[in-house]
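In the order they appear, the protein sequences are chains A and B. Residue 27 is where the first sequence starts when you use the working numbering, and the numbers rise one by one after that. Residue 3 is where the second sequence starts when you use the working numbering, and the numbers rise one by one after that.
Worth flagging that the hints you see were computed from the coordinates, not collected in a lab. Computed from a predicted structure; not experimentally measured. Possibly wrong hints are sitting among the right ones.
Stated by the list, open to error - DEER-style ranges, computed between Cβ atoms:
hint, chain 1, residue 1, chain 2, residue 2, range
1, A, Gln164, B, Asp312, 20 to 30 Å
2, A, Tyr37, B, Leu398, 25 to 35 Å
3, B, Asp312, A, Arg101, 22 to 32 Å
4, A, Asp138, B, Pro17, 27 to 37 Å
5, A, His156, B, Ala373, 46 to 56 Å
6, A, Ala93, B, Arg7, 25 to 35 Å
7, B, Arg7, A, Glu202, 26 to 36 Å
8, A, Gln150, B, Phe291, 51 to 61 Å
9, B, Ala373, A, Glu161, 51 to 61 Å
10, B, Gly284, A, His156, 49 to 59 Å
Glycine is no exception: its CB is placed at the ideal position from the N, C-alpha and C atoms.
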Amino acid sequence: MFELSGVEHWYGTRQVLAVDAWRAAAGEAWLLAGPSGSGKSTLLHVLAGLTTPTRGRVVVAGTDLGALASGPRDRWRGRAIGIVPQRLHLVGALRVDDNLRLAQTLAGLPADDERIRAMLEAVQVGDLAHRFPRELSQGQAQRVAIARAVINRPALVLADEPTANLDDAHAAAALELLRAQAQEAGATLVVASHDARVRPLFAHVYTLSAREARAA
Amino acid sequence: MGLTRLALAYARRRPLATALVVLLLAAGTAVVALTLLIARELESRLTRDAAGIDLVVGAKGSPLQLVLAGVFHVDVPPGNIPLSSVAQLRANPMIAQAIPLALGDSFRGFRLVGTEHALVAHYGASLASGAVWNKPMEAVLGSEVARASGLGVGGAFAGSHGLAEGGGEHGALPYHVTGVLAQTGTVLDRMVLTSVESVWAVHDAHHGAAGADKGHAHQAEANDGGAHATEGVPREVTMVLVRYASPLAAASLPRQINESTNLVAASPAYETARLLTIFGIGIDLLRAFAWMLIAASALMLFVALAQALDERRYDLAILRTLGASRLQVAWVLVAESVTLALAGALIGLVAAHAVAAFAGKLVPAAAPLAATAWAVHPEEVLVLGIALAAGILAALWPAWQAYRLDVAATLADT
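Extracted from the complex, chain A is given alone in its bound form:
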């Protein structure tokens, strides 16, 4: 599904990411583990084509990202990648259903109200379709963000610290929802987290080590 080899990323003389090799097959659920500052977010951005690594090869869903120019990469991202950002950010000016509709439009897909309704039902916020994000609780907003990430049936779903501010019960529920929805969409799932509680829930774990000591 995706394959990274010899990937390094540098900010000037400071190396922030090093991945020798990492392969994931379609439909797998991966935990991307590692302490803060180990480059988890950077690696997610590399997988999403938001950051072009200084060195190395990144192939996601059969596409070599290094070969794509900025514009085509944006279009590719809209179709192939679903992202649940760390701050669960929904577009505040738009109602919940319009947030999902926007994801469809930006991916170049026709608006599909039936799919939007079904997705909101699937993450149990079907009755909140016409609310504005500020009217939602954090848990509700996270469910909407998950629905938005999978609405276009992407090949790869990326989630950055989805359990950061949740208690044990909610953390487990959120992860379960992510896994179920990614599976339903047929997507590979990568969850970046330094939360020790989530580790037992994943069969596949890729661990980044701390980078502070490796400044060149």
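Since chain A is already given, all that's left is putting chain B on it; use the hints.
Showing chain B alone in chain A's frame:
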């Protein structure tokens, strides 16, 4: 859920800033458009009133005053000329038509003009009711005079001494209304027409009756320059409207009159152009002020967008993760800016026309505005174009910032 709709959603999110920018822009645009409408109306009105009058010939004095008094009927005339000069002018082969005017009295602020029937034909007027005057002390009312006074055919009124309201009344010799003119959209609508002889008759009677207190009458005459002729003094008129027999007359006739006679010949076309230049300065100043308003609103738009950009940085990064390109993200800001700018400009233009229409209905002096209030001035398209440019300009820097947004850094910045 297109990006333009998203831009509008953002605009709705901050109603106060949005309303302020739109209002300021609307105000600026409205003033610019109003100056355009008023200038057009002024120019067309002056041109219409002066149409067909090649020359005004009157007593020595300022040519502008002569034209103002004789063509636009706003100033007092410089003085009188002997009746014999009318015949003299008519004998000149370069002159096709000469219409005498005898001014000096008024009725409720509207001017009483002693003249010939040719003046009615000159303005292309037709009678709405009744007939033209045929005997002394018969009068025909312009449409607005009839409307304002409520007088109709068969009515009678007394003229007042002087051109403004409040002069002493010539009550002894009332005028009888024989006809009312249809509206022409010219200064004729605000005139009362009668024969030159009526004006003489009124003043003969006035001076006969007021022989004891001559002081009063002549004090006034010194100011109003009326067509007054007492017994024994040759008959006079105030001025003569002249139409050339051929365009060639323009080259020599004015100089001939000015140099060889005791009269002044003034060209309405030339004096009107001079007048418009003077008005033009005021209108240009007003318009410059309005352009500054528009520039200020563009600046406000810029500030609002720059501020919004700070708040929306994370939103824009999210749009990028959803597949929006750099250009699309920049478009969100441009679309918002352009929409507000165009909305403001359109509201301003509509408001300007509405104000013109309203003023035309309420203010008699602006009445001709009512007819043309909704006619679109070609320059309004230019105003819209400039508003559009202002919208784009205001969004340029914020859009550039959005374009080069570092998505990964913004998302990581928690």
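Here's how the hints hold up against the structure:
1. Between Gln164 of chain A and Asp312 of chain B, the C-beta spacing of about 23 Å keeps the proposed range 20 to 30 Å intact.
2. For Tyr37 of chain A and Leu398 of chain B, the Cβ-Cβ distance of about 30 Å falls inside the hinted range of 25 to 35 Å, so the restraint holds.
3. Against the hinted window of 22 to 32 Å, the Cβ-Cβ separation of Asp312 of chain B and Arg101 of chain A comes to about 28 Å, which satisfies the hint.
4. Asp138 of chain A and Pro17 of chain B have their C-beta atoms about 31 Å apart, which keeps the hinted 27 to 37 Å range intact.
5. A hinted range of 46 to 56 Å holds for the C-beta pair His156 of chain A and Ala373 of chain B, which are about 50 Å apart.
6. The hint said 25 to 35 Å for the Cβ distance between Ala93 of chain A and Arg7 of chain B, and at roughly 34 Å that hint holds.
7. Taking the beta carbon of each, Arg7 of chain B and Glu202 of chain A are about 35 Å apart, inside 26 to 36 Å as hinted.
8. Between Gln150 of chain A and Phe291 of chain B, the C-beta spacing of about 59 Å keeps the proposed range 51 to 61 Å intact.
9. The given range of 51 to 61 Å is respected by Ala373 of chain B and Glu161 of chain A, whose C-beta atoms sit roughly 54 Å from each other.
10. Hint check: Gly284 of chain B to His156 of chain A, Cβ distance near 55 Å, so the stated range 49 to 59 Å holds.
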